[in-house]
Amino acid sequence: MRRNRKFLYGVFNHPDDILNAAYSVSATRNQILDCFTPFAVHGLDRAMKVKRSRLALVAFLMGLTGFTLALSLQYYTNVFDWPMNIGGKPAQLAVPTFVPVCFELTVLCTAYGMGITFFLRARILHGVRETVFEARQSDDHFVMCFDMESKGLNIEEVTGLMKKHGAFDVKQVEMIAGAK
Amino acid sequence: MNIYNILALILLLIIIFLLRIKRHLTKAINEKFPDNLEPDWIVDTFQPWYFHLNKIIGLISVTLLGLILLGGYGFWYSFKIGNQQGYQPDQPIKFSHQQHAGLYKMDCRYCHSVAEKSKNASIPSPGTCMNCHRYVQATAKYNGSISPEIKKIYEATGWDPDSNKYLYAPKDLKWVRIHNLPDLAYFNHSQHVKVGKVQCQTCHGQIQTMKVVQQFSTLQMGWCIDCHRTSNVNVEGNKYYEEIHKRLKKGDKWTEEQNGGTECGKCHY
Amino acid sequence: MYESPIREPLVTGGRTYHNITEDICRPIENKPTRAWKIGFTLSAILACVGVFSIAYTSFVGIGVWGINKTVGWAWDITNFVWWIGIGHAGTLISAILLLFRQKWRTGVNRSAEAMTIFAVICAGLFPIFHMGRVWLAYFVLPLPNAFGSLWVNFNSPLLWDVFAISTYFSVSLLFWYIGLIPDIATVRDRAKGRAKKIYGIFAMGWNGSVRNWARYELVCLILAGISTPLVLSVHTIVSFDFATSVVPGWHTTIFPPYFVAGAIFSGFGMVLTLLLVARKVMNYQNYITLGHIEAMCKILMLTGSMVGLAYITEFFVAWYSGVEYEQYAFINRATGPYWWAYWSMMTCNVVAPQVFWSKWARTTPWFVFMLSAVVNVGMWFERFVIIVTSLHRDYLPSSWIDYSPTITEIGIFAGTIGIFFTFYFLFSKFLPVIAIAEVKSIMPYPERPEKHEIHEAVATH
Amino acid sequence: MSNNQYWKGLEELNKSPEFMKRQSNEFMEGIPMNEAFNEETYELSSTRRDFLKYFGFTVSSAAILAACNKAPVRNVIPYAFKPAEVVPGTANWYSSTCNACSAGCGTIVKVREGRPVKVEGNPDNKINNGALCAVGHAELLSLYDKARYEGPLKDKANIEIGALDKEVMASLNEISLANEEIVILTSTVNSPSTRGAIKEFINKYPTSKHIQYEEFSSYAIQAANEKSFGKLVLPSYRFDKANVIVSFGADFLGTWISPVQFTQQYTAGRKAINGMSRHIQFETNLSLTGSNADVRVPITPSQEGIYLLNLYNKIASSTGAPALAATTIEGPVNMIENTAKELLANKGKSIVVSGSNDINVQLLVNAINSALENIGTTVDMTNYSKQKMSDDAAMEQFVNDLSEGKVKAVIVYGANPSYNYYNATKFNEGLKKAKLSISLATTHDETADNCMYVMPSHHTFESWNDHEAIAGQYSLTQPTIAPIFNTRQAQETLLAWSGVNTDFYGFIKQTWASNHSGVDFNAVLEKGYLAGAAVIEDLKPSKSIKATKTVIATTTTANANLDSAATSLVKLDADNKGKVQVKLYEKVGLRQGRMSNNPWLQELPDPISKVTWDNYVASSIVYASKNNLADGNLVTLKGGSVATEIPFLRQPGQANNTLSIAVGYGRPRYDKAGVPIEVIGKNVYGLVTFVNGAYSYISYESSIEKASGSYTLAQTQTHHTLEGRDHYRSTSLSKYTANPKSFQKQIEVISLWEERDYRGHKWVMAVDLNACTGCGSCVVACNNENNVPVVGRDQVGRGREMHWMRIDRYFTFEEFDTDGAKDRYRSDFYSDLKVDTDHDGAANEKISDEAFENVSVGFQPMMCQHCGHAPCESVCPVLATTHSGEGLNQMTYNRCIGTKYCANNCPYKVRRFNWYRFNDNDKFDYQFNNDLGKMVINPDVTVRTRGVMEKCSFCIQRIQDAKLTAKRENRTIVDGDMKTACQQTCPSGAIVFGDINDKNSEVHKLFNNERAYHVLEDIGVQPSVKYMGKVRNTFDQKA
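Protein chains in written order, with the numbering used here: chain B, 1 to 180; chain E, 1 to 269; chain C, 1 to 461; chain Y, 1 to 1039.
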């Protein structure tokens, strides 16, 4: 469903400003749609009451998968399917020799499992249109944005709060989500 | 149980696993954030490549997909490389195994006599054919004249049917080899035919029904190995195997594999 | 947010956020400089030499190298281990230092990670092309096949290498790329026309949303967490190639930590070599400060001393073991036909870094540059000493023989250096050499801009 | 290039009506060659494995490229009529006789589909009892030599045989009628039928003379025997019956007269430690024999006479005979005293031999043997030897006559004076003066180049012949392949020119019918050997001496001759004292150089110096440092008709102030088109002199001078000492008797896992270092059996020889100790002459240059040890090398990707890597690069492609074959069914292979021998090969 939406956004030029603004806005009934910053402004997510990511769990489960995969691969090939006499060693679940590959595959699956989940979850994908309100939001500007269609958004209140905390510009814009 | 089943099983398990993770996560999110702040509008920003960004990505994606498919196909196809199963070339003489081995019930080893002594089964010399075809000329079929195929034997041996003598110089008879193993594999007929008492048909198929011989088995290593894993060593009546069996103290079932039949050095040296 | 009254600031020169963006994006947005063009051409030519040498080897046979019946590995595996070692610094800086909250790493981690990836590419060439039948290299993969499902040997350290190197390369690439995404987005937002589209593809729609920043930081942290044991495991496994064998001089339990320390040592050597040049050429003195250099020099000194300790421990263990083959191997290293390699190694790796006790040495860029080059040479010799001098005098004296490289081997080595620098030049031209977002997050907060500046910014917008 | 060219004659034969008649002849098996070589290319025509395995990998890769279900068409052409005895895919064996030298060893030839692929010793022949030397093996390759003549030539242009016959016979008739001299110049001819053929020729042309010429002659022995005993014969020596063997420069284990026979006799007396013989060697250069001696005294050539005189005087003083005039010796005097004491204590059970071709020396040797009552016991003149029958004086006379134009026609067969006569120019000029000169050579040689006609003879493998190598013992040669080229056997040629209208096969039958009435010719042919039962019994190497021997007394004139001999020997030494004395010797591989285009022999390392593909000047270390010469320097050698530049090598064991140079080099190598491309080594036959009625291989008038430049000699071993390690264990007899357990080391075997047990077969090998003489026969046998490629000088120089089997040679000093203390001498005198520190911190002990004259030599055959805990197997990433249930370490070439990791991890360094494609590669233009040479390939073994590792397989193809035969014959395997190629050929029986699980097997007994130990047992790889330590029967008190 692609349609134009109307957004209200304020532009800051200092991380502390947007941080304070976020705290103030969150204290009201208004919901911040999102903030866009050029770098990770620590505390902003807390200020906006964004939930904690569960990627760590994914990473753990992926790692477990990788480990199982590696162990079963090695066991199946070297013990079950075609055991061979290699240097007189018995063909069995040889823990020391299986460790390196198990470890490597665990890491590989963890990294890629988590990475791909991250891309999917964060919608960082080819074909995703970037949401750019300000060209310098990836440079030195900090943008706080509100969905004007959401119920209960008090435009004057948030505009005031943002200006109070140092937003040098507050604008309204109508666009297909993101593109300018 | 073959490997692909196991791989499929593992993949299935992973999928189930992932689905469970997803459900779990969704549930967790919904529980913790009943008033979900995750804005759904961002979904709208996802516009698949084909009507948004540019054609390059499309091109790249199609190419990648194509490459993956091609690679997969190539991988599966690679199993067939060198596999000439069903190879059925034309031979210089239209010799019918169906007639000789099937109809007349001739023993294979009458012509392929060295199969019990040598690694080759060998193609019989035309001289062997002459043992019968000096007299058998199939004239009835050809209105009194000698069968053109039998004539080719006469040419190859230099036989003159009129004077019943070898008058001419023999000519080369170029049979087309059907069963080809790569040079790196050693195979010995006598081990299988004489010692192992394997029927010719086990590997060569129902040769007595073939008018024109074709390759029955894949002759690939996997095919050899499968047989060696399942067939038992024929211990009885062979003093060599009896001695080794006694030494190895294996149970009643003593497969070729347990006798070292899947070791590399059995065929590759 | 990294403001401490005691420490030196990590970004100097009173830069603002916008200054940083400008500084770092400048080489990308401007036309390539003359120095870049010359450098790139030279390294591309060198890379071609390498490609030719590799092709020659593959077509004619490994016989074009100088190795023989006794010395089966020489320059090939020496170079492999050397490159892998160099690669380790990148992961170390981005992973271990991240875990240790060493904020100064942000100035150098991007190029160090890039270096990792290029070094692993160079390293990976050697185990592949040292194969006698390289066209059958796929045999090392555990693929089901028509040969009755013949698998691979999981007892072999070389197979562990296959897994370790490929995992290391993949994970490093992922880590590097995830780190790059916000910066590519910055470049994208500044660019126009086709460049904007291309960078847009690689930025994958990154918009700097707070939620994504939160996930991003978590992903980076976890990646750092798993990369740390990974980087240790990779060189451990590389050292297993030697440690699990029976060759005197190889068969040593000290190898894993010894190799890892050596790897970090050589990696930092290479990072310094590269960054000192980049800093000068690209005017990054404000981001790669003397503080950075000094910190890395300290690491060099530490790891150099660690390998020195390892060298001495090896001798002790050989003496203490009472195994005559082992003892001979070590006496031969120091006094045999390749004594010069051993003493070059000792001088470059153990003695030379000790000058970093002096602050002057640590803070004089040209001096550090020279020493970092010396360290690279020394670490190459370390691998050469371990591989060649151990092999050429092993158990039965009847097989003892000497080794000398051929022009082809030298060509391949030079070629990998060319490949490495070609990649590096391309990287420095097309991607931000310093992690923009990360630097911004650790720099002292800039003064609030004056009002008119803001208006100016709005006006230009 | 057409593949047909060699088979042209054959094909015609195949199709001719004559074929029908002769098809049952056993030497017609050449026919199935058609199967492989038809007019199409290899790829299309070869029958996969049976032929041309060399492209094992290329075909399969081509098939992969084709990657379709349509097979590349491969044709098979069966025999038109299959000879009854040919079973395609299996081998036939034919008995024959080796013709590589004139020792007359019996052989059996393995024939696969009509082509000989391997030669082995004939166990029924009592001269060699199944063993064969390196040269005998390599003779097979000379059959497939590109340098062979492909048809008769007149003035180097092709000619038909009939036309040649007509022209030659006309010319011979003319010369004969004019009463002008005709000479048939041959090497030793001990074949009764060949002598008969020559006699027929002489009957037809009565002005003919038969002269036998050997380039390395033993004429002086015969001449001295005539003087001493009135018998112009070469005695049969019996080293097995001697308790004390004293040799003055006779290399009887390596090159002298009949080395295989002598090696067997020698080791028969030494394998049993109790009562082993003592071997004392006085010699100039370190020969193979000297390196095996218990006591070795380096002497200059001129001192040989003085030492013999002193020895004679010591012996004479105890027997009461008058002493001879002699100067005192300057060396270790007590050596002579000890030797004399030993000899006198073993009267009739000792032997003194000399390799010198000086009649005076041989007279002294005769006198000593006579005084020791050895004539008739260890020196047998009744069943005398016909293994060397040359006449130096006659040859010298002939060359003089030739150059004076007295000889009008020369027929050369088996001799090559243009190459090996010391004054070749004189011979060549003389040859030009003859009206008719014909060569009957098989392979291109220098003399044939100077002859008007060349009527090439069949190769031995294509010929019929008979032999009487030792009087009363006969053997036969039979063809095992149809003639490859348009050639005719020399004897047949002579018969044709004599007008005898029979082929040589018929002629032999006639000869045998008249000489051996009542003997079934075919039965002899099957066995290959004929001798009376008593003779056979007697020939078995054994210590017992029959009392019935007739003792021949020395004649009175001989005693009178002794005085003059003594005088001249004293004078010889006095004249040449202080001069650099040059000794010429034969190499174990190349001998006189008759098969110099044989890559197997060229690449066989010299047992002592380990140099391949070259000859060189060797000197003592002292001489080298005095004259500032280093290994690989080029020196200018001048003397006789020689003036050349030749590489220099320091050789421990060489007597000081002497040089030694091998003959047999300086001949060209031929490429795949049969064109000479390079000259290998330098020809030094020009240093030979004619002294006192015999050829002398000592030059007193030669000199060397350092030239500019250097040359890398390709050595397979460049480090020569044991470094104090104990992988080669040796001790002296007295120490061994005192402590027989001294070879054992107490090793506690710890295993980290559950051990595998090998309860079926477990193949193991035992190598007796006491028996091994280091001759290298096993190396060539292995090369042949396993298709080991030849890599050439350059690659050997880079340390890349491919031999699966090598013989490590170590120089040690006489400080044998296996109990605890290592021998203290550690030295690498090639990189640093001085000694480095002892590893347990003992003081530096320096070895003087002089000490290198007295080195002891240890030989250790080294092949894959088939370790139970094989380090190579664990490290292969792709499972290309694995262990079999029968304890074999298996190498799977088609799985190998060539990481070389296994070779690095092999403690024995026995793995060999294919650095290049060694077949069909013009860079390696040896037998695998041409169609003819490839005939020698063993069809049961894969020819390896480039990039794969290979190594000794314990001849797994033979193991499999033996097992299959047992299965087919419904019986169990008997010990000895299965012999590896190296074991089969070993003249000293040093190698024993078998199943350790067979409690009755020989190898099982040997493994429990108290001398048996594993090499590098302390590193825990559990090898399957055990070595039995060397015991040296040294004098207890040092000289």
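The reader is advised that the hints may include incorrect statements.
[What the hints assert, rightly or not] For lysine to aspartate or glutamate, the following EDC-like pairs were computed, each having C-alpha atoms within a straight-line distance of at most 20 Å: (1) C/K197 to B/D139; (2) E/K246 to Y/E969; (3) Y/K110 to Y/D977.
Calculated directly from the structure, the hints in this document are not laboratory data.
Just so you know, these numbers come straight off a predicted model, no measurement behind them.
Violated hints, by number in ascending order, as checked against the structure: none
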